[in-house]
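The lines below spell out each chain.
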Amino acid sequence: MNTKTVYSVGQSLLLLLFVAQFATAQNVVIRNATVLSITNGTLENTDVLIAGGIITEIGTDIRAPRGTQEVDATGKFLMPGIVDAHSHIALSSINEGSSPVTAEVSMEDVVNPYHLGIYRALAGGVTTSHTMHGSANVIGGQNETIKHRWGVTDPDDLRFDGAPRTIKFALGENPTRTHGRRASGGTGAIVPSTRMGVEQVLRSSFENGKRYMEAWDDYHLKVATDSRAIPPVYNGRLEVMADIIRGNILVHCHSYRADEILMLTRVLADYGVRNITFQHANEAFKVAPELAAFGAHASVFSDWWSYKFEVYYSTSYNAAILMRNGIVTSINSDSGELNRHLFHEAGKSQRYGGLTDDEALSMITINPAIQLGIQDRVGSIEIGKDGDVVIFDSHPLSVYAIPEMTFVEGKKYFDRFEDADDMRMEVSPTAEIGMYEGQITGRDRFNHDGEIINFFELFGQETTLNFEDN
Amino acid sequence: MFHTFHRCRTYLTLLASALLILAATPFDALAQKDSPDIPTVSNVVAIQGVRIIQAPGRVIESGTVVFRDGVIEAVGRRVDIPYDASVIDGSDLSVYAGFIDALTNVGVPEPKQQTGAPPSVPDRSNPTFERAGITPEKDVRVLLDPSDKSVGAHRKIGFTTVHTVPYGRMLPGMTAIALLTGDDAASMIYSDATATMFKFQGARGVYPGTPMAIMAKFRQLYKEADRRNHLESMYREDPVGMVRPPYDPVHSAFIPVIEGDQRVFAFTDDALEIHRALNLKEELGIDMVLTGLSAGFDAIDRISETAVPVALTLGVPEKPKWAAKIKKDSLDQILGSYTDDTRTATFRDVEAERRNLEAKQLISRARYLGMPAAYEEAGIAFAFTSYGVKTSEIRSNLREFIEGGLSEDAALAALTTNAADLLGLSASMGTVEEGKIANLIVTAGDLFDKETKIKFVFVDGHKYEIKSPSKSDDKDKDKDEDERRDKDR
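Chains A and B are the protein sequences, given in the same order.
Going by my numbering, 71 is the number at position 71 of the first sequence; the sequence numbering is gapless.
Position in the second sequence (from 1) plus 1000 gives the number in my numbering.
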């Protein structure tokens, strides 16, 4: 037995172990596709093997293990599953709008796997969503990164294991309108009612978080030698602020204007926080060099603005300008409708900014993955990455492109040819049927049997505040 | 010592409330109770020649049940009837153990519903505990009222024991076991507060309003109470030179939970709430019971794995409006027409989609009605809870569950033996056996039959003759005159 054989036997054993470990996961080989790898160019007539949920081979005429599902993708395009860096699908509640700071709440606690938005996202080739707290509060809740494993019922089964913690911040009109106006929600006006107030809320939260962190650090030192040391008051909200300062949580901040964007970078710098992605950031192009110098990221719309005063100064060139300035830039949906055509949105930014195909597609794949800290797992087609891929009938940047099949970890969750009219996991036994008609368009995003709690409805008054998206 | 001091405060409050109740009770009632006079009616009852369902699946076709002073003295085929017994002829009658409700508001007068916008607060991010629906210190024992109409209504359909809790939101208060008999609150109480209740019901207009904030607030209260518990034990050990630990009744009420002396009865309606509550249980190490399960079919596996005790709801979803007037046969036909592979051009044939959706809605409803059966099949022993359910609908709902596949034995077990197990009452309740409390239902026919009338309910040996709500189908009108209690036994 020569060394080579030993090596290959060892390899097979390893592979066997590997496969056995993921016996439940599906193996699939996608043959003869045009593979848009994102990080390694375009590969013509290429096979991709996904075993045990992981991409294990990219090449031609791959020999697949017995029992592997074969998919012929001749003439089709295979790209990594789209990553949506800003979404509110699959949640039972979105805004805890009762307080300008609610760092302690977490979307992880209210993930709703029954939400049809997951399936719709799959139909648009999206396999990972960053599902976020709304923008009612200066410091909203912690967000959750999910994989679209449609069909599971335990919320934890949607979790993107190992994804870093992230938190939602919001600047400008939404928090000032929510909290700073008299009688909004049956209470007096509280800080913030201006952009100055927003900064004040941020600074005092960070300052309190810092003191809290120091008080506990101090206690842990003391208690080692003095069993009668007094632990400081527990505060879940400040625990999270302290974790942000420690660098354990990535900040994703809803923002529009250049001045407020710069303001936040200064506040963060004062507390040594570097992990920041500006969400929406319609005026980020004005301060692109400053953001690049700070190391900030941006996640923007391709061409959506003018829905309120602070969003009038906008341009379709935003994404391209940011990218050309060396900023990691993504295009997000913030919508259960728009997420079905993020590839079109990337295409628009390409059209206006003159980006290359790979640059345009990176804005909906590897770049959002970087912003969420999951770039080692998803965002490109590479050996060792998760088998999250989508097959398009034509090039995804074409206006004619249609996603045909979407795989998460090698398991097919969407197939255009097996797509019945009604893919809901459940319907309410009591609801008016008419209520479901609103779901036809997908424009109403949070329609899980009325289970979704719109915080402002709790005030018993009609509200025009709808900050989930913009 | 520190701890005791707090306990004292609680007891003082209790005592004061008890005194208030006593003051409100007419004196003749009390006098009557303590009267040394010879009773006019015997306190020994024998039900003779009756079919005895001792426990689910354990039946004596014809026997006698004798109880004295509220305790069952003898059960069997051949039982000597004591000379002083008042005898009930049990031919054509059946006797069952009285029902036990695993969680309910019965016995607590319902507070007036708030309408419109809730009152304004200075700062909605920081409301009072009361406004936030956080009142775990509230003790149901001082709220009980035996004359509340819920008591008679519940008793009339066979409930003799309730695990009852104050009305409220996120943390409504501490529970107690109460018997549905007695002249005053104190005499209803069977045992102490053994649990606290937790719901995913947010405060209106203030923090915490959403399920995510409720989860966060629960952790906050628990962890801070844990810290205070630690401080209090340090203070008890040696208070010299130590700053007095902070006190408030809310955090203090959490301490028995942390110490493992009190269970948390979480109200979890559907699979999402079940998972959320179990996540809290596992994360914080809480002794938890899940109650109110309605759409819990998708969480059966996790419930089996965690072996968490459960009480399913006695409520069923209302029929959808469109189906209200359609006959059962036609509904079954609609249900059968469902296909999971409709392919219509929505804009052309909305009607076809609507029809399929209606069928899907009936399937959904069937899953709710079949849920107790699914739990039985999964081998999960469950109790029933009437929390949030109209008492008048309970008997017909039970029949719906049985039609949905639940065995009658399992239904009876859920209402008697399993509920007794869940609440730690098995030694004294749940079966018709010697030594147990005389909590009994006497029926003319099988308990769950539509036509069966309940003739008597005995609670702690007190006889309640059920006049004519009779057929279980009749909607309960809560007429107290329908029911007459034999005051002196």
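Note that these hints are calculated values from the structure, not bench results.
Treat the hints with caution; some may be incorrect.
[As the list claims (entries may be wrong)] Residues on chain A that point at chain B, a partial pick, calculated with CB under 7 Å: (1) S92; (2) E96; (3) V105; (4) V110; (5) T153; (6) D303; (7) P429; (8) I433.
[To be verified] Straight line, CA to CA, 20 Å or less: simulated EDC-like cross-link-like pairs of lysine to aspartate or glutamate: (9) K1281/B - D157/A; (10) K222/A - D1409/B; (11) K1453/B - D1409/B.
Note that this is a predicted model, so its numbers are computed, not measured.
All C-beta atoms in this analysis are idealised placements derived from N, C-alpha and C, irrespective of residue type, glycine included.
Any hints from earlier that this structure breaks? Give me their numbers in increasing order, please. Failing hints, ascending: 6 and 10.
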